[in-house]
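The sequence shown begins at 1 in UniProt numbering and counts up one residue at a time.
None of these hints come from the bench; they were simulated from the model. Take every hint as true, because none was put in to throw you off.
Taking lysine-lysine pairs in the BS3-like style, the calculated list, with each CA pair at most 30 Å apart, reads:
| # | residue 1 | residue 2 |
| --- | --- | --- |
| 1 | K317 | K34 |
| 2 | K184 | K317 |
| 3 | K2 | K34 |
| 4 | K246 | K200 |
| 5 | K320 | K184 |
| 6 | K320 | K246 |
| 7 | K34 | K320 |
| 8 | K67 | K227 |
| 9 | K200 | K325 |
| 10 | K320 | K200 |
| 11 | K227 | K280 |
| 12 | K184 | K280 |
| 13 | K2 | K280 |
| 14 | K184 | K34 |
| 15 | K317 | K246 |
| 16 | K227 | K2 |
| 17 | K184 | K200 |
| 18 | K2 | K67 |
| 19 | K325 | K246 |
| 20 | K200 | K317 |
| 21 | K246 | K184 |
| 22 | K325 | K184 |
| 23 | K34 | K325 |
| 24 | K67 | K34 |
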Amino acid sequence: MKMLVTGGAGFIGANFVRRTLATRTDYDITVLDKLTYAGNLNNLSGLNINFVHGDITDRVLVDSLLKEHEIVVHFAAESHNDNSLHDPSPFIHSNLVGTYTLLESVRAHGNRFHHISTDEVFGDLALDDPNRFTETTPYNPSSPYSATKAGSDHLVRAWIRSFNIAATISNCSNNYGPYQHIEKFIPRQITNILTHRPAKLYGTGEQVRDWIHVDDHNDAVLLILDKGTIGETYIIGADNDHINNKQVIEMICELMGEGHYEHVADRPGHDMRYAMDSTKIRRELGWTPQFTNTADRMREGLSATIDWYRSNVDWWKDAKADVEKHYEAQGQ
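The task is simple: from the sequences and hints, build the whole structure.
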């Protein structure tokens with residue numbers, strides 16, 4: 001089977017390619033990636049894949065690729081909330097126009113399509129709210145990033161209903177693991193400590209994210225491709241929604257032998273709590289995450305992630321100064 005992975009040089013996409021090659025022998029993979037700042041060809045180093053440098057909004061290019069591939073897994077997206085607050089336009093271009101372009105090509109060529117989305121389309125929950133997001137939770141995005149991802153989800157559902165394309169959607173919680181850009185919360189703290197900077201915590205750190213290891217996420221996506229029902233949406237979460245950002249940063253500091261971190265200015269409109277109810281994918285498809293539910297298991301996942309960044313300094317060191325300069329300008 002020939003599979004096209006959009007955004008496959010990014011964090012989650014590259015890990016998906018690696019996970020697929022390690023656990024499946026029946027896929028011939030092509031990666032399509034624009035190689036923006038978050039895409040890194042080194043993420044795919046040593047892999048037996050085909051790589052195409054290009055934009056998902058390029059209909060001619062997309063058509064030429066989809067003619068040759070049975071399956072499309074769509075990771076490509078602008079995804080950093082802070083960047084969307086500074087300039088929403090790339091998010092409109094990639095997340096909406098790019099998804100539309102892919103859908104029109106899928107409609108023409110009859111590909112199997114899986115769309116990767118986020119928990120942020122649902123907005124947030126109060127810290128004392130016992131509920132979790134489900135597949136039927138109304139959308140309530142709170143940033144240009146989450147609004148454009150919500151829009152892309154709606155486009156996929158409309159093309160399923162109007163044009164009968166063979167598509168599925170998954171909404172996943174916050175990922176962590178190797179190859180994640182160091183602007184993101186967990187790798188930023190790890191690389192700060194490795195470069196003798198203090199770890200940085202937004203505001204009071206009460207915000208809660210249902211942190212999931214990237215391999216657990218990608219195992220769920222592969223399972224949806226294998227066994228998922230066409231037209232369905234699947235929530236992917238690891239039951240880690242009882243651990244707040246303050247506890248995560250303290251866990252990182254503990255694992256790295258560092259006792260100090262700094263509070264910095266909070267992000268505007270910072271969502272308070274995400275929590276995912278993944279009952280459907282667990283019950284219907286038999287998915288079970290590895291790094292789940294307890295602080296000890298998340299500590300295990302974080303420890304492996306710390307080891308990766310410690311062992312791969314050359315992968316991130318050149319970008320570190322620029323990332324910290326950007327945050328310093330924002331008082332963060």
